[in-house]
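Undergrad: Sequence:
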Amino acid sequence: MPSSVEAARGRAGRRLPAATLRWGTALALLAWAVLAGAVEPGRLGLSGAGGDYTLRIEVAATAEQRARGLMARDALPEDAGMLFLYRAEQPGSSAYWMYRTRIPLDIAFLGADGTIRALRTMPPCRAEMPSRCPAYAAGVEFRAALETNAGYFAQRGLGVGDRVDLGPWLTAP
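Residue numbers for the sequence shown follow our numbering, so the first one is 102 and each next one is one higher.
I should point out that these hints are in silico values taken from the structure, not numbers from a laboratory. This one's a predicted model, so the numbers in the text were calculated from it and none came from an experiment. Glycine included, each C-beta is placed from N, C-alpha and C at the ideal position. Treat the hints with care, since some could be wrong.
Per label pair, the in silico range of CB-to-CB distance [stated by the list, open to error]:
id, residue 1, residue 2, range
1, A173, A255, 31 to 39 Å
2, D175, D214, 29 to 37 Å
3, R174, E229, 15 to 23 Å
4, M230, G152, 22 to 30 Å
5, D153, R233, 37 to 45 Å
Input sequences plus hints: build the corresponding full structure.
TA: As structure tokens, this is what we get:
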């Protein structure tokens, strides 16, 4: 019968199968992404009098993701944006701000059907104090908001009343 020291050495000398290590690593990375508030990437269709467009998006669906938004980024690709999702309609008094946001952005406030209800352009705020950054109220009720580079909507002839395909992203309340 092996001694407890020999038994311990035997267990310590064993190696985990590679498949176990791969699954463990994958689960650890997934947990890290969830805890870090990672956003889900995807594509979003926009259509209006100016034509049809596809935007690469990051989805911010949790309070933490929405609070971080596009902060601390030095650039945003021309065909990219961030979609902010909410479980319920938000009041028109709800506002977005640009604290620690380095790039000018457009924001479209969207109804549950994807109709653009309001558009705002928001310049970056370089203030050190959050209270010195203006807030940009929607002015309309909205279920989602879409941030893009400033000028994105105007350059494509998209405006209030045009549509964003929220189908894969937004579920009914």
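Undergrad: All hints are to be evaluated individually against the structure, with a verdict given for each.
TA: Evaluated hints:
1. A beta carbon spacing of about 26 Å between A173 and A255 contradicts the range 31 to 39 Å that was offered as a hint.
2. At about 35 Å, the CB distance of D175 to D214 agrees with the hint of 29 to 37 Å.
3. Between R174 and E229 the beta carbon distance is about 18 Å. The supplied range of 15 to 23 Å therefore holds.
4. Range check, M230 to G152: Cβ separation about 42 Å, and the 22 to 30 Å hint is violated.
5. Between D153 and R233 the CB atoms are about 40 Å apart, so this pair conforms to the stated range of 37 to 45 Å.
Of the numbered hints given earlier, the model fails hints 1, 4; all others are met.
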